[in-house]
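Engineer: Spelled out from the first residue to the last, the chains are:
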Amino acid sequence: MSTERHYEREFVRTFFTSPTAVEGEDDSAKMLRSAAGLRGMQAPDTWIPDNEDATAPSMRDEGVENIVDVVAEHGAAFPGEIHPRVVWHRDDPSTRYAGFRMMLEIADPENGAVDHIDGFVIPEVGDIDDWKKADEFFTIVENEHGLEEGSLSMSVIVESGEAELAMGDLRKEMGRPSNNLERLFMLVDGEVDYTKDMRAMTPTGSLPPWPELRHNTSRGASAADLVAVDGPYDDIRDVEGYHERMVDNRAKGMIGIWSLTPGQVVEANRSPLPPKTGSWLLEVDGEDVELEAVDGKQVYDGDEVELDALGDDRYELEVGDDEMELDADGLREELLALTSYVPSMDDIVDSMEEFEAAKEAGKGAIAMTQSATLVIDGVEIDISKDRMWDEATYQAAQTPIALFQDVYEHRPDQHEELEEMYGADVVERATSVGN
Amino acid sequence: MSTERHYEREFVRTFFTSPTAVEGEDDSAKMLRSAAGLRGMQAPDTWIPDNEDATAPSMRDEGVENIVDVVAEHGAAFPGEIHPRVVWHRDDPSTRYAGFRMMLEIADPENGAVDHIDGFVIPEVGDIDDWKKADEFFTIVENEHGLEEGSLSMSVIVESGEAELAMGDLRKEMGRPSNNLERLFMLVDGEVDYTKDMRAMTPTGSLPPWPELRHNTSRGASAADLVAVDGPYDDIRDVEGYHERMVDNRAKGMIGIWSLTPGQVVEANRSPLPPKTGSWLLEVDGEDVELEAVDGKQVYDGDEVELDALGDDRYELEVGDDEMELDADGLREELLALTSYVPSMDDIVDSMEEFEAAKEAGKGAIAMTQSATLVIDGVEIDISKDRMWDEATYQAAQTPIALFQDVYEHRPDQHEELEEMYGADVVERATSVGN
Amino acid sequence: MSTERHYEREFVRTFFTSPTAVEGEDDSAKMLRSAAGLRGMQAPDTWIPDNEDATAPSMRDEGVENIVDVVAEHGAAFPGEIHPRVVWHRDDPSTRYAGFRMMLEIADPENGAVDHIDGFVIPEVGDIDDWKKADEFFTIVENEHGLEEGSLSMSVIVESGEAELAMGDLRKEMGRPSNNLERLFMLVDGEVDYTKDMRAMTPTGSLPPWPELRHNTSRGASAADLVAVDGPYDDIRDVEGYHERMVDNRAKGMIGIWSLTPGQVVEANRSPLPPKTGSWLLEVDGEDVELEAVDGKQVYDGDEVELDALGDDRYELEVGDDEMELDADGLREELLALTSYVPSMDDIVDSMEEFEAAKEAGKGAIAMTQSATLVIDGVEIDISKDRMWDEATYQAAQTPIALFQDVYEHRPDQHEELEEMYGADVVERATSVGN
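Protein chains in written order, with this note's numbering: chain A, 110 to 544; chain B, 110 to 544; chain C, 110 to 544.
Keep in mind that a hint or two might mislead.
Identical copies look the same in the list; a pair holds intra-copy or inter-copy alike.
[Stated by the list, open to error] List of simulated lysine-lysine pairs, DSS-like, C-alpha gap at most 30 Å: (1) 385 with 139; (2) 472 with 139; (3) 494 with 468; (4) 494 with 305; (5) 281 with 241; (6) 406 with 472; (7) 385 with 241; (8) 242 with 305; (9) 241 with 468; (10) 242 with 281; (11) 385 with 494; (12) 406 with 494; (13) 472 with 494; (14) 305 with 472; (15) 305 with 468; (16) 385 with 305; (17) 385 with 468; (18) 385 with 406; (19) 281 with 406.
The set of hints was computed from the structure by calculation and includes no laboratory data.
Pulled out of the complex, with its shape left as it was, chain A reads as follows (with noise of 0.2 Å):
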């Protein structure tokens, strides 16, 4: 059997929570109503009413009925999938009935829903075992309510050091004939709850970073298929932090994460989308810092990287403690060994159009060119950097650009954003390379 994704989208980059059911409302349901309103950039990948953890637990039977009513509603116009959390405990089997109970009413055909309804999501698993609990429930409300058996797909939060553990035995259990795991779609990390099952603790209560178990979920969902989505970024007025954060995350193959508010929605539909434009980085003390554009140079502005011109072919260069003095091929050197581009999507799709041009012509390989001019305290150099694209390049390049394609296809509508950050020729281009 090929490793082949058996959901529709391949790529989820937003993972958007609303509760319920809010108390002291006219209308409870107010804040599932605004999201479900949310177009563009705006509105999520994948949409989670939350009738778990960001609702009361009184007021969620009222967020059941609430669930039920805005989507039968506005399901079909919402650009998004819709993937409402019910609640689950591994220690806890009355949870555990109670989220059955959930999915029962709102999938049942009778309330209109469950035409929009994509899937569940469950908190709180633990080991294997426990997952296929949740997956027997599914199978019997499909059952129940005369739906294909494996339609309602099954999403997870990882908050436990046994949920971390099963996700390495997920590619094994399911092909069995007794489950019904091949529902599986998400796996989702959840830090704060998982922080507290370790039992860990940080000398200010914020969360510890966790790289294993976001490599682990990664990998997870890289081995069974899967979509791998980090957990909420708590502090939302720190914006560059939340983008740091997916940064991070996207060398480590995940490319969703949790988001709070549709400003956090906004972020993280753009995040992993190359940018517009193209960008020098300078390497100053371990840290890449990005150069400023000024009419087409490359322009430091800092005091840690200093440089003098000499005159006579001499420049003297400083960096940290380190002093140099270089003509202008070993400035040259130096300089190409601290910076570094992050092309735009034109580059990219550029360079694959190349690249296929070339091997349609029975070259393996090409060498791509990208020169700048860099101006430290004044002094300018000229560089250019070299990259050799093959197919392993090529291949690598594709995750953004099958990520653009994955977007375009199934949200159209971002695509007047989407032409508007890029412009439509570079839209047009990037939707048919690689095909």
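Please build the complex by placing chains B and C on the supplied structure of chain A, with the hints as guidance.
Structural biologist: Chains B and C alone, transformed into the frame defined by chain A:
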């Protein structure tokens, strides 16, 4: 079956080893005797008379006698648990048999020590089948001596790749009818031998940090309801390094650590407890620097962050290579992003009590505010940080409180020092909150 | 069964790939021929005629012929092991069948190459059942050609999440009667395709560092007595980066690395061997900076650490934001904490010999002292560092020595260069210590 720990201590802060027999001393049990006399913060949560690496092979027979003698005489009064370490090796049956005979002798009721022996520590275990061999010897020892099956706990030192992998199987192996692995208690990393087994090398000969091993140990402990303990920190004089390691461990959910001296025991007993007073941190060059509290103000006196009051509600803030001109509100926002607060025990108890009261009054979340006057380059600015407390925050905050309560319940010999540390009032409230 | 490696080489420093057939050359086997002629430090421990990614698909039939020709002619004289890479893919049976036919042809005794073929490298493996399919083809190849079962070793490229997970199962699968997985030899990470399989992305298109993958590969190798090898380091000109990666790998127990050029082979053959001369490191801003040895003194000439002699046994030391006034003893203590020593091969052999002598005399531990005169801002201060050597330190120090001895035994072609590096006396002592 719910996730509950099966042993008395839910937390272990300290794992203190003593040589069992030292050659060339009048009394070869001298080290054991002095360890047995430790009380209060100097006494560990678990004391390990070490009849393996800490004791010369030629002295280990005498070591067994010494353990029996000292524990029989002083065990009843010792405030921590007692877990002798015997010899074992996954690759050597004669070592395993020697370990079995040590256990058989130490646990012999005729020797009078076993009533004060909580379990044994097995080093150098291999894969799960090797753990079962050790477990079987415990069962035989219990049976031969008329002890209740499962009454002796088993802790292991993880110092091989196969033992690291075995931790992923514990949860499913522990319930099987043909073993008594429910006796497992501590999973202890042994980085010296692990480094050898992994054939790792560092230029200076220092130990690699092994973050993945520590994660996997903590996760294994979490999934199987065990207690995770980190290995020895060799550089006894490097108190700061020992603390940093413990902070890093706690962010992984690994709260216990090996201690080689009573001085390290004191540090490791205190380190996981919340501080007496709160403090403010400023992020400087990627690291958190603790501000100095002077007359109730929080003073930064380094050079990496610079602040100028330009007058007329204008400020210039310089952070590394970044220069910003801001008004007071903008400055506050920047500083809020750079600062964090380390709550005191008192703060944590306060917040929990407030949240409990709010919950009783039907509220799901409250905002806790922390205010400070920062002083940078002589310029003063007031900031205040809000933090939302909801059920999840409350649950997460319970880890340090649960630890404190576990210590308070099982270590009456530390009550006096805890009251000196925090004051009787805070101790009193901390022991009752959350129950 | 004791934990022992089943193959000849215990260590592999270098894994060097060559294209098997290059189009447009007079002799398509040119690259193979020149690789086959490498000797000494330029010759790898394992040479991989690469009939997969390094060779165009249209040239791979010719590649098989070239391998056979070149290995038949030059294999006997080649100083390293020879492991051709054939095609394979977990998701594609026709690729797997093509790989089988390549092996069948290359191993045909009538072609005269198989006597010099140590094994084959299988790329793109999936879960453990996929590894077994490859193993079965080895068995059939051996049987068809009258070779001893298990005589051809199998190495795999780990470039998928499922292969990463499979490494956790090797130990229990390798003993089973229905496979010959004991033939396994190297576990090699392939980060380019792994990145694609995990769908990871970085802004610049550079490879993510994948620390967890490398840990898991090293652990898998350790648990199943195999050899761990890291993947290719693309930026051939970045020698410093290649070295840093190797240092990081060795701290994970991964001693081998892919080499793309004879230049990289030299670097990777030398890098894991202890240095000729020891050196001192000073921790500056979180990083270790090597001090310059001038007239037997260790000089720091950067700006980040400042030292002033105030006279009257008073010194002012400034480290980052930290200013301290100290007497000479206090200064020494601070500097001891900031410095570390990288022992030379000679130092390691000395310490091991001294410890062996002490052990014979009945002592369990000795203190080894390392002294230096530091010079900071012209101020001189003598420090001396003690390090306790006990059995564990001794054992850990054996990894580089065991590596050296393995190299010395199996690579006579490198003897001359090793003697040039270290001097004949040190080489002589290093080959006999610890046995």
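Engineer: Among all the numbered hints in the text so far, which are the ones the structure does not match?
Structural biologist: Violated hints (numbers, rising): 1, 6, 7, 9, 19; every other hint is consistent with the structure.
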